[in-house]
Amino acid sequence: MLFESKKLEYSHPGQKTLIFPDISLASGESLLVLGKSGSGKTTLLNLLAGLLKPTAGEVILATKDFARMKGQEMDLFRGKEIGIIFQKPHLLAALNVKENLQMAHFFSKKKGQDIGQLLAELGLSEKAKSSVLTLSEGEAQRVSIARALANSPKLILADEPTSSLDDENAEKVISLLKTQAAKIGAALIIVTHDQRVKAHIPNFVEVQAS
Amino acid sequence: MNLFKLSWKYLTFRPLSTGLNVFLLALGLAIITVLLLIQDQFEKKMSQDAAGIDLVVGAKGSPLQLILAGVYHIDFPTGNIPMDEAQKLSRNRLVKNIIPMALGDNYQGFRIVGTNHDYPALYEAKMQSGVLWTKPFEVVLGAEVAGKSGYKVGDEFLGSHGISVGSHEHDANKFKVVGVLERKGNVLDRLILTSVESIWYTHDEGEAEPADSTTNQEEHHMIKLQDSVAVKGFPKTSESRDLTTLLIQYRNPMAAIQLPRLINSGTSMQAASPSFEMSRLFELLGVGITLLQGLAVVIIGISGLGIFIALYNSLKERKYDLAILRAIGASRGQLLLLIFLEGIMLTFMGAVLGILLGHTFLSVIISQNEQGVVGSLQPWIFLKQELWIVVYALTVGVLASIIPAFAAYQTSIAKQLTKA
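Sequences listed follow chains L and E, in order. Each residue of the first sequence is one higher than the one before, counting from 1 in the numbering used here. Each residue of the second sequence is one higher than the one before, counting from 1 in the numbering used here.
Think of the hints as simulated: they come from the structure by calculation, not from any bench. Computed from a prediction, not measured in an experiment: that's the story for all the values here. Think of the CB as a built atom: it goes at the ideal place given N, C-alpha and C, for glycine as much as any other residue. Don't take every hint at face value.
The calculated lysine-lysine pairs, modelled on DSS-like cross-linking and capped at a C-alpha distance of 30 Å, are [said to hold, decoys possible]:
no., chain 1, residue 1, chain 2, residue 2
1, E, Lys-44, L, Lys-53
2, L, Lys-16, E, Lys-415
3, E, Lys-319, L, Lys-53
Just so you have them, the derived chain E footprint on chain L, three or more residues with Cβ under 8 Å [as the list claims (entries may be wrong)]:
no., segment
4, 17 to 25
5, 82 to 90
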């Protein structure tokens, strides 16, 4: 197994402990995480991304349990091996499209994918030098996908990646995520409640507020 | 891409706010630079020009004015003194050397100073070309005068009455350039030196001509013009003549106590000590300088506050950006560094701009009054203290970035990114 999470637990201060279902994915597999609002979907995503530390359990990516990593080690590991796509693109407004992707290479200290080629595959070649402020919502989300893919991560996490997109763009984004994840052999986890996504990925776990 | 470039991109992303802060800081630092340059060069020049002159004697009036007119050739002279009284003084055993001076004429604002060869010798002046004057109406030009007027050895010009531009010209006698002094960066650069006799004869002509111009007087002058002038001591004359100031060197320390009192109470003249009067002047100017320094510090303080507010505000907008950077592998330390770099780059630009602005200010001030004492300052000399200005500025940058940088350090990525 490329990616596994076992017996993950997390408690927000002053609240009940959340217990999450175990996940295991092989290279190239994809999985949806479903659940109602407030069920802890986002907390799970943060745990899987190493943005939060679980109170119990382990998260193993490529035989490394990063739930126990600390500080800079975790940051670097995340930069190298995990690509995260957020609900909003959150591109760095001060930089152009290409520079946004270069930042991923710089901070992860990894050569990663060729940016020109990556942009071409995502249909963004002409936008390489554009300011990110001039992009449409769909384009911006694709750039954020390109950023997540720039380092050829082993795990791709997406948090409601289609929620603010129209049908056409949502379609594009999902198929891009699937094909790119398959191409670089990464495990893909999408947190969503979007029906359009469910149609593409049959595999799912459900998070329940217990 | 690296942190430097990223910081730079963020700075240039907000050009107005960045520009304003840089400019404000630069303004404060420019004032400090100008003060530093003027203070350094002015005091150096002041003490250099007064070196070797222990006492200045002239007509009664303001002692400061006497010094400014007699040593620095800035202010108007206090008046004239009779030469026989001056000569009496030269016989005093406390006096080592006495240099007579007759002022009162100018050429396009450059003062014509009638004196003897001891005066250039006092400043160890060297000839760039030609020789010192030996006959009436022969003059030696200071380097700056020669540069501005373009006169060389052999050229002739008319002087005008008074010590500033715009008075009537003495058209009877032309001054003849016989030498040009080397540039030494002192008061001589701005002077035209000649003999005391030249000054006397110029004024004789001016007064005699309208009254009557008998052949007798013409001849009288013709003879005088052939004579050589006194190159040491006082000019020889049978008539009763006037001088403007005397520069005195003491023979021994005792003179410093006795001589001024002797002159001030025993004669119709007054004596003033350059070092005493200049320290009095600096004391007076000191208030203004302190005020300007205070103003500069306030401006720098405000610009520091401005930088702090700019960084802090932009941090609010950029919490997502910072969280994203963390998500793609940046460590807390790198974000800390990023914000510090922004503050430091901002203030570094301010410092460089401020120093350049300061020097530019000074060169503008200098070009505005070329004939004044400020005119001989050098605007493009860089001092070691200017490095301290850069250090001050960077300190301001670091101080202003501390709080924003730690706020960035503590940004929780999980909260930021999944909040929306």
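Okay, the hints, checked on the actual structure:
1. The hinted pair formed by Lys-44 of chain E and Lys-53 of chain L fails the criterion: a straight-line CA distance of about 67 Å is larger than 30 Å.
2. Proposed proximity of Lys-16 of chain L and Lys-415 of chain E is supported: the alpha carbons are some 18 Å apart, at most 30 Å.
3. Restraint check for Lys-319 of chain E and Lys-53 of chain L: satisfied, since their Cα atoms lie roughly 21 Å apart, inside the 30 Å limit.
4. Note: the segment 17 to 25 of chain L has 0 residues with beta-carbon separation from chain E under 8 Å; the three-residue rule is not met and the coverage is violated.
5. Counting residues of the segment 82 to 90 of chain L whose CB falls under 8 Å from any CB of chain E gives 5; the rule of at least 3 is met.
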